[in-house]
Amino acid sequence: MFPSEKRSSVRTDPPEKQNVDTKKPSGGARSDGTIQAHGAVSSPPPAPVRVGGASGESGDGPGETPGDVPSQEGKAPRYTVQRELGRGGMGRVLLVNDGLLEREVALKELVTAGGKRPGSALVERFLREARLSSRLGHPSIIPVHDLGCHPDGSHYYTMRFIEGQGFDAALKACTTLQQRLHFLPNFRDVCNALAFAHSRSIIHRDLKPGNIIIGAYGETVVVDWGLAKILGEGSPGVAEAEAFKPPERERGPRKGGSPMHTRAGSILGTPAYMSPEQTLGRHDVIDARSDQYSLGAILYEILTGRPPHLADTVQSMLLKVVSEPITPVSELVPQAPRELCVIAQKALSKDPQDRYASTKEMAAELSAYLSGEKVASYNYTPRELLLRFLRRHRVAVGAGILVVLSLVATLVFMSWAYRRESVARRAATLAQRKEAQERQKAQDAETLAVTQKRRAEDALEQNRAEQRQSHYNLAEATLERARLMSEMRRYQEALVLGAASRLHNPAHPGSPWHVADYGEAHPRALHLLSRADAVVLLAHASTAVSLQNVYRPKGTMAFHGMMSARHHWLELSPERRWLVFADGTSMVTLHDLNGGKPTVLAGGHAAPVDLAAFGARGDTLLSVDREGRAVLWRPGSGARLRSLEMPARVEGFSLLALPGTADFLWTTLQGAIWRIDAINGRFTEVKPAGPGEFDSVCMHPSGRQVLSTYRDGTVRLTRLPDGNTRQVLQLKSGDSYHCAFLDAGARVHFVEYLGTASSEWAFDPLAGTLKPVYRSTLPWLPLAFSRSHLTQLGWIAFAPTDLGLWDPVAGATREMVTGQDRQLEGIRQADPENLLAVDARGRVMHWKTHPPLRQEYAPHRGRVQIVQQSPDMKRLVSASWDRTVMLHDGAGGPGSVLGTDFNHTVWSVDWSPDGRFVAAIDSHGALRAYDPSSRRLLFSHDCAGSLFPTVVFSPDSSHLHVLSGAFAYRFAMPSGELVHKVKGGLSNTNGGPTAPDRRRAIFREGNEIVELDYQTGRRRTLPVTGLKPAELLNCTALEGEVFACQDYRFAIHVYRTQTLEKLSVLVGNTQAMSSIRLHPNGRWILTSCDDNSSRLWDLATGRPIYSFISSTEARSSLDSQFFQISRDGERIFLSEGARVFSVPLDPTLRAMAPQALIQQAQDRSGLRLEGVTLKPLSAD
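In the numbering used here, the protein residues as written are 1 to 1180.
Each hint should be verified, as a subset may be incorrect.
30 angstroms max Cα-Cα, derived DSSO-like pairs, lysine-lysine [stated by the list, open to error]: (1) K453 with K172; (2) K320 with K346; (3) K172 with K320; (4) K434 with K453; (5) K374 with K346.
Per label pair, the in silico range of CB-to-CB distance [as the list claims (entries may be wrong)]: (6) G690 with L766: 23 to 29 angstroms; (7) P772 with A972: 49 to 55 angstroms; (8) A417 with E331: 26 to 32 angstroms; (9) E487 with N724: 47 to 53 angstroms; (10) G976 with E487: 41 to 47 angstroms; (11) R391 with A427: 20 to 26 angstroms; (12) Q730 with G976: 55 to 61 angstroms; (13) G1082 with E487: 31 to 37 angstroms; (14) P913 with Q1155: 45 to 51 angstroms; (15) D517 with G372: 42 to 48 angstroms.
It should be emphasised that the hints constitute simulated quantities derived from the structure, not laboratory data. The model shown is predicted, which means the values in this text are computed figures rather than measured ones. By construction, the Cβ of each residue, glycine as well, lies at the ideal position given by its N, Cα and C atoms.
Please build the complete structure, drawing on both the sequences and the hints.
Here's what the structure looks like:
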């Protein structure tokens, strides 16, 4: 820092006494041109000496250097001197360590020559400097930290320590204009600091490069505020009054000082940088514009490298400042920026009125120049404006247009800009008006854009809505096809189409066209989705096969017409690993059903292979070609064991493995049977040819008999090994037959291919006789038939491409499967789990068969009215419109009649809780109670006058209750004694109004809802909210203190019995409910209605989960479909017409994503969905 102790008066004292180097600008410059610290002129650091010791002596004489400066007497000194930073004529600056705050600071104190005590004026100036500096909190003005006195009474103050370089030394080190212009940002910081000080009414009055420090990190600091003055304080202070003396005419150079150093005494400031008014000592007119002059002088020196005036003596300098004009910058440095020249010229005006109105304005001009903006005080020529424009837009101008056009356009633009600038006020009005117009246009454009965007969004949403509607329509159509496929028992096709309906329904969360709240806005979509889920559930539970693989032979398979008896070119190994078929080539191909690569058995045949069969133990394979050559193979390794020549070169008919041996039976088309010992190469003729050609051949599981059919309708039995043959049956002549042993050989099944009929016969293997069991008619013309002797059901290939699972006993098709895309030629069911089908192109489909999850129960002759499951869930009882009650096994199958002595439709049945009794009542009150174990009638009673009554046992099975439209009865069990008869109520539900706890009933009586206690006969009315009495249709009690009411709009309202709180409203039925149940989980409700629909509802949301719609055949009648849940809640019972069946309630299907469900259904069925068309996977 450059404090005021460096000031010198206009004296003739030698420079060495003033500690001022007249050959160099002041500012504490060291020999290397840098400022060590906040001092004056640097001097070598003296040895540390303590100041203010115990004696209290000053110790600040000329030859002494102070040591520590104590903060208080008797305490450790606060400031510890490290070194002297600089010394002047009136003071010195020390680098000290502040022990209190633990930092380095600069300490300035007054020091006079000879150790004399400074005068009061000097002390006042010193204190004034400290106080004024402390008031100026600006980054470019050094702050004062502390002001205090030494023990001897001398003053000091501490300030921030900045290590850097004086501005005068920095400028002196520059040799070019560009180097000096590098300090313009620092100069701008000085202007901003002075502007800040002026805003606080403080002027510096000694501004020069030597009082500016450029810090080591780019900071700029204005120092030496010893001559600073507060404007408006009144008359000058004592120091200024004593120092004021008019300048005298200088008669020659004086040795009293340099015009570059601060003057103290007669004139305040540094002559080279003082304003004319300051030079004249007119302290009354000195203000902030005097500091502007000093700033202008510094800027002048930046531009030219020297001060505005040069003189050898102070008096000459003072005269030049007052009277001589300043040499223009452009004359000294022509390349200097003209804007800066104007700024410097304006600041250096001799008349303060011609300078800037404020230093802030000057700083703004300088900032504008540095940022590339126009300087307001400079009048730009068109050329300069053009050059500025080119400099600021050089990339756009150079890349945008050609050079000539660019020059012309730029000149025109700049001329226009110049004219606009000359008439700024008028142009501003026009610009504002134009801006308003443009703003309005922008607003209009924005409004238009928003409108167009809204229209586009509306159009897009409309398009999406139309797409959703289109896919909803597609979901409806696909579901209708799925329902028809289910009615036709094409469950695999129904499963694929039902899954596709879920995919297209926008109400499904997994649909690509799903949107939130679509279901709430379109309730029909939710019901459609529940119908699709129901179709998928039923189809998945009803199918009995799944496709495993499709094999494509290389050649053309050898078909012998339409007779499936000639299927022995297609065989499964006994362990069900290998599949072999002769594909019309000389090679035999083995396919690994475990997923391995096929094995080709080559080299054994020269002619096409017609027949192939595995040995009974599965370790050998025999193949026979058309030229009578046989080859024995090892299936696992593919090794050829032996080659044989057949005993007769005739066309083979079939090749069979002989059970219990390693031998084979080879039959010819002419009716001969040969036994082949393939290992030893021996042939034995069992039966000679004749009396005609074989139609089919089948072997008894014991291997001791062979049954054969002939074209003339005869059936012959051949005993093994003697070959004794005799006729055992005569069938219709002229038809083709297929025979198969069933039930371990106890039965024989025949299929008449042309007569479309099948028959079954009991076989006595000892007597060799056949007795008829039944005969049934096939629905379509069969192409082939296969039935394992271990299964009751058989597979029939129907024309042209369908497979049907045939129930010979019931004479009905259980399931239809779409096979290949070409006509089927043969099927083979080697066991209950594997089914093979071959089409006309020789492609083989391998299906896995399994019992369906759907359980069928023996049908009634009329429509089923109600089904009840026994408490142990092992039996069922069903009642029908055929006036019968049937008892069924819980796992399905045939049933037995429990009661037939009813005159009308059996309306209600119930099991006793202990499972010992079954009660049934018809629609007119005929009551019957049975013992289901012995099927014995326990008692009967005519509840006359009853209409649509219901029966229910008491919780302990000791009593039976009957609730009818007129009375409520209570009977003792098993005697049937009438205990009491009270007034009853009307119920329209099949299941009755009784709660599952069997203690109470809730029903509608007139316009009231009545709760009846069976044991006490007490009644109470239940008032409900949200349902007008006149709207009430019927009511019934449910599980868990819940009851339901239906209004005349067919909506079902569910209430809590105790609080009468409404739990849910189920909307979607179109007719009155015929039954309603609560699922055991308490969250779902099952309903059946007279619109032939049954639904499973979510009680919390009121949404349907499954909706089951009766088949077309069932809907032809007016009676309703029945819907019941198993006691464990895992299966549901449904009725369609006279049939009763149950399926598991599998929630995983409903939870599957539609795409995943479609893929699973396609993989299982061998079908693929292309758009809305189903095609076999085997299609080319």
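Status of the hints after comparison with the structure:
1. K453 with K172: Not OK: K453 and K172 at ~67 angstroms, beyond 30 angstroms, violated.
2. K320 with K346: 18 angstroms, holds
3. K172 with K320: 23 angstroms, holds
4. K434 with K453: It holds: about 27 angstroms lies between the C-alpha atoms, which stays within 30 angstroms.
5. K374 with K346: 16 angstroms, holds
6. G690 with L766: 23 to 29 angstroms: 27 angstroms, holds
7. P772 with A972: 49 to 55 angstroms: Taking Cβ atoms as reference, P772 and A972 lie about 51 angstroms apart, which means the hint holds.
8. A417 with E331: 26 to 32 angstroms: 30 angstroms, holds
9. E487 with N724: 47 to 53 angstroms: 51 angstroms Cβ-Cβ, so the 47 to 53 angstroms window holds.
10. G976 with E487: 41 to 47 angstroms: 44 angstroms, holds
11. R391 with A427: 20 to 26 angstroms: Given a distance of about 24 angstroms, which is inside 20 to 26 angstroms, the answer is holds.
12. Q730 with G976: 55 to 61 angstroms: Once the Cβ atoms are compared, 58 angstroms apart, the range 55 to 61 angstroms for G976 and Q730 holds.
13. G1082 with E487: 31 to 37 angstroms: Between G1082 and E487, where Cβ atoms are some 34 angstroms apart, the hint holds.
14. P913 with Q1155: 45 to 51 angstroms: 47 angstroms, holds
15. D517 with G372: 42 to 48 angstroms: 58 angstroms, violated
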